[in-house]
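So the sequence lines, in the order shown, correspond to chains A and B. Each residue of the first sequence is one higher than the one before, starting from 2 at the first, in this note's numbering. Each residue of the second sequence is one higher than the one before, starting from 331 at the first, in this note's numbering.
Calculated directly from the structure, the hints in this document are not laboratory data. Glycine residues also receive a C-beta, built at the ideal position from the N, C-alpha and C atoms. Don't take every hint at face value.
[Claimed, not checked] Coverage of chain B stretches by chain A, computed from C-beta distances (three or more under 8 Å per stretch; other residues unrestricted):
| no. | region |
| --- | --- |
| 1 | 339-352 |
| 2 | 659-667 |
| 3 | 734-740 |
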Amino acid sequence: MADIAFAEAHAAPVIRADTVEKRYRVGDVEVKALKGVSFAIAAGSFVSFVGPSGSGKTTLLNLLGCLDRPDGGRLTVFDTDIAGLNRRAAARFRGANIGFIFQDFNLMPVLTVFENVEYPLIMVQNWPSRRRRERVMDMLAAVGMAEQAGKRPDQISGGQKQRVAVARALAPETRLVLADEPTANLDHDTAYKVIDLMRRLKTELGVTFVFSTHDPKIVAAAEIVFRLEDGRLSREGGPHA
Amino acid sequence: MLSLIVIAWRNLMRFGRRTLLTAGLIAIGVLAVLLFVALSGSFKNLMIGQFTDSVMGDLEIHHKGYVASLDNLPLNLNLTPAQWQRARAVLAADKTVAAYAPVVKFGGLFSNFTESTNVRVNGIDPAREAAVLPLLPGRVAPADAAGLLKPGQILVPQLLANGMKVKVGDTVVVVTTNRDGSVNGRTFTVRGIVSDLSGPGGRDAYIDIDDARHILRLATPEVSEVLVRLKSLETLHATVAALRSALDGGPGKPAFEVHGWDDLSPFAHIARLIDLLTLFVKVILVSIALISIMNVMIMAVYERIREIGTIAAIGTPPGRILGLFLIEGLLLGVIGAAVGIALSLGAVAVLHVHKVSFAFGMGNGTVILSPSLRVSDIVTVGVVVIVVAVLASLQPAWKAARMDPISALRHI
Ligand SMILES: Nc1ncnc2c1ncn2[C@@H]1O[C@H](COP(=O)(O)OP(=O)(O)OP(=O)(O)O)[C@@H](O)[C@H]1O
Ligand SMILES: [Mg+2]
Chain A
2 MADIAFAEAH AAPVIRADTV EKRYRVGDVE VKALKGVSFA IAAGSFVSFV
52 GPSGSGKTTL LNLLGCLDRP DGGRLTVFDT DIAGLNRRAA ARFRGANIGF
102 IFQDFNLMPV LTVFENVEYP LIMVQNWPSR RRRERVMDML AAVGMAEQAG
152 KRPDQISGGQ KQRVAVARAL APETRLVLAD EPTANLDHDT AYKVIDLMRR
202 LKTELGVTFV FSTHDPKIVA AAEIVFRLED GRLSREGGPH A
Chain B
331 MLSLIVIAWR NLMRFGRRTL LTAGLIAIGV LAVLLFVALS GSFKNLMIGQ
381 FTDSVMGDLE IHHKGYVASL DNLPLNLNLT PAQWQRARAV LAADKTVAAY
431 APVVKFGGLF SNFTESTNVR VNGIDPAREA AVLPLLPGRV APADAAGLLK
481 PGQILVPQLL ANGMKVKVGD TVVVVTTNRD GSVNGRTFTV RGIVSDLSGP
531 GGRDAYIDID DARHILRLAT PEVSEVLVRL KSLETLHATV AALRSALDGG
581 PGKPAFEVHG WDDLSPFAHI ARLIDLLTLF VKVILVSIAL ISIMNVMIMA
631 VYERIREIGT IAAIGTPPGR ILGLFLIEGL LLGVIGAAVG IALSLGAVAV
681 LHVHKVSFAF GMGNGTVILS PSLRVSDIVT VGVVVIVVAV LASLQPAWKA
731 ARMDPISALR HI
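Bound-form chain A, shown alone:
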């Protein structure tokens, strides 16, 4: 019997993981990156996975983001079994439901701030231009980057880049945002501001945020914290000091 840790058990879970396993093969050696993790995340949560290096945070977020498939157990995101999606279907699923924020921001250097946020609306979804324009400006205003809309990524700071990345992740009316170490390349003040922004937008837009970090001060900002250790969830709970 799996012990499923329900976060906010009263809300319908956005993510439900049941003894999820993930193994990597490196030559003859098999690495068990996830050794059967079970949890559920309700809609509108602000969740952090924390743990030491190599504990499996990235592996888990890749599974939640439908970028990879579990080797065992069952993982559903928005009631969709991740294991059943082929490459194309997974891409479509990600485009329709999930926003990504990366450690290195990963903005397209040849596009302006505005165009970076516009990108998923036109290349992933096919929004009409007027609606696109309004949405991009709304999102840029929400992350406080409207003034810099015409700048290129190399003309703005790291914190600003990550704000743009947040806007890009949220622009296509995403319901779930995954962020693997979103603050690792930011100084502490900036990191905290970005996390704060994410939490504010979560409340305003009702989006579920899941991020990973090993910075304890950032962890403190999370409403729900899952601790990963050597591929297992060790404990879960509310904010930690």
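Dock chain B with the ligands against chain A, hints included.
Just chain B with the ligands, lined up with the frame of chain A:
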């Protein structure tokens, strides 16, 4: 507004100098091909024109078997008057035919009373001959508005005139053996000298067709060959085929044979060689475009692995990623082709102002090449370059579209 084209363009401009160099290389290739096509095309047309318009017409009709023994100018393989009438009727009905002229040909002896040499004699209908061979009157000195020649006159090839010191107004003798084996001769007044043209025109003299029949003692108006001029050389092969079937005498009774100039002239081989060289130059262009664009696109994919991982992770469909890189290669090809075509048009315009002259075995020295670019050549080269650009980008673009987002994102 963002679009695949805008993104592709920005990505190309990311390494502007590299893009410029590659597009420049393609442009130079296009320029080389189009200039070669224009120059060799005009040279070829000029060369073909020299023969079709002053010696042999665009196509010729003979009695069956005549061409096989052309060197002897056989007298027993002439078209009978009935056959000639039939050929005339067919030619008159063919809408692609501009003019035609009957010729009685024979080999003979040419004498200025002190020495003699062999000669190929063409008995012609002067007005019809001039209509079929518009460049022939221009080769005759002195020019005469009244026509090529009158009965009793002869046009002597420059080769013979020089060798035997024959001048206009001199009296010369032409002697030949007729079909029955008896020898006959006649005196002629030299009306003009026909300038040399390298090739088969070197020993051709011209007299009136009735004089020719008279020397040969032909009882009926036979014809050795019919020279035909077409309205356009483009229809050559179609017209040859049409005439062949129209003149077909039924099974076992083929009376006629029809040959295009390219069957009869050794210069057809040179024309074919030029076509082959053009093909080689085109192959080189295709290779340049293929290799340079493939090189740039492989680099572009390699440099942007993490970006590809990012756009794939956020859900860009693989087809869009493929399209992004294909359009990038396409743009590169379009730019190269457009610049190359513009340069070529400019270069051809310059060549029209500063004419290219060319020594081509003409008595009067040089001829002038007038290179021109046909729209079809420009379109063909442009389309080929653009298609090659897309093909060259296909493999790198495919690789980008197939990339696994996780490993692409981890790429350093
Ligand atoms: N592609 C891979 N091939 C082989 N082993 C891998 C691969 N990815 C991760 N691992 C292994 O799986 C385990 C979990 O790695 P993971 O990257 O999920 O950890 P992490 O918690 O994100 O660590 P970090 O804090 O350093 O980012 C580690 O032992 C790692 O070596
Ligand atoms: Mg990690």
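Verification of the hints:
1. 339-352: Holds: 4 residues of the region 339-352 of chain B have a Cβ under 8 Å from chain A.
2. 659-667: violated (count 0)
3. 734-740: Satisfied; 3 residues make the cut.
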